[in-house]
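**Q** Make a model of the complete structure from these sequences and hints.
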Amino acid sequence: GNSVTQMEGPVTLSEEAFLTINCTYTATGYPSLFWYVQYPGEGLQLLLKATKADDKGSNKGFEATYRKETTSFHLEKGSVQVSDSAVYFCALVEIQGAQKLVFGQGTRLTINP
Amino acid sequence: KAGVTQTPRYLIKTRGQQVTLSCSPISGHRSVSWYQQTPGQGLQFLFEYFSETQRNKGNFPGRFSGRQFSNSRSEMNVSTLELGDSALYLCASNQGGTILFDTQYFGPGTRLTVL
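Those sequence lines, one after another, are chains A and B.
Anchor point for the first sequence: position 34 equals 34 in the numbering used here, and the numbering is continuous, going up by one each time.
So the number in the numbering used here is just where the residue sits in the second sequence, counting from 1, plus 1000.
It is worth saying that the hints were derived from the structure and are not from the lab.
Be a bit skeptical, because a hint or two may be false.
[Stated by the list, open to error] Sample of chain A residues facing chain B (criterion: CB under 10 Å; computed from the structure):
(1) PRO31
(2) SER32
(3) PHE34
(4) GLY41
(5) GLY43
(6) LYS49
(7) PHE89
(8) ALA91
(9) GLY104
Yeah, the Cβ is synthetic: ideal placement off N, Cα and C, and Gly gets one too.
**A** Here it is as C-alpha cells:
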C-alpha cells in the first residue's frame, strides 16, 4: 500500500542553521504531497503542499519540491528560528481507495538559541 | 473564519467505559475526517463523513463509530474502552471535494486517557 517515510528524529539545530527533513513516499500514480507541522499542545497545521511533479510548495520560509523521479518531498529552510521547534509530518493523499491522508511518523525538530 | 473546534480538549475514562468526542468543522465545510494519533502507531485515519454519510473508513474495530449531523458537526464514539485507545483524536474538515486538491484543516484534538 501507499506509505511515507521520514528521516528519524529528533533533530536538533542551532538558530540560523539550514534545515533539511527528508521524506520519501510509495504510492500508486501521482499523489498530492503535504507537510504539516504540529506545535506543542496543538493540532496539525498545513505548512505547504504540492499537487504534481516538479511543483514547489513554500510557506514561512519553508520549501519542498515534488520529485517524481526520486519519489521525494524533502522539507528545507535556509535559516531556522527557535519558533520553528515542532513536529513535522510529511503526508500524501491516496488517489485510489479511501480519500485520506497517509502520514509519515513525524520528525521532532528542536532549535536552540 | 473560525477554525475547526473539538470538545472536550481532555478526557479521562476507565477501561470498559464509552466516550463521545465532538467536532465542529469550518463554516461551509461539509466533510469531516477523524484521525487517531499515538506515539507507537503515529497518525491513522479512522473515518470520513460527508453529507451525514460515512464515505470512507480506516482499519479500526467496530468499537469506533461516528456520525455527522445536518449542520456538518460530527461526533465519534468509542465503546468498551481499552488502554490502547489512549490517544490524541484529531478532527479535520474540508469543503468536500477530493482531498487531492481540497486541503484538510485540523482541529486542536481531544486528548483521551484510558485508565
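**Q** State for each hint whether it applies.
**A** Evaluated hints:
At its closest, the beta carbon of A/PRO31 sits 7 Å from a beta carbon of chain B; the interface hint therefore holds under the 10 Å criterion. With its C-beta approaching chain B no nearer than about 5 Å, A/SER32 sits inside the 10 Å limit, and its interface hint holds. Because the smallest distance between the Cβ of A/PHE34 and any Cβ of chain B comes to about 8 Å, under 10 Å, the interface hint for this residue holds. Below 10 Å, beta-carbon pairs count as interface contacts, and A/GLY41 has one with chain B at about 8 Å; its hint therefore holds.
Given the 10 Å rule on beta carbons, the hint for A/GLY43 holds: about 4 Å separates it from the nearest Cβ of chain B. For A/LYS49, the interface hint holds, the least distance from its beta-carbon to any beta-carbon of chain B being 7 Å, beneath 10 Å. A least Cβ separation of about 7 Å between A/PHE89 and chain B falls short of the 10 Å threshold, and the interface hint therefore holds. Against a cut-off of 10 Å between C-beta atoms, the interface hint on A/ALA91 holds, since the closest Cβ of chain B lies about 8 Å away.
A distance limit of 10 Å between C-beta atoms decides the matter here; for A/GLY104 the minimum to chain B is near 8 Å, and the interface restraint holds.
Every hint, counting from the list given before, is met by this structure.
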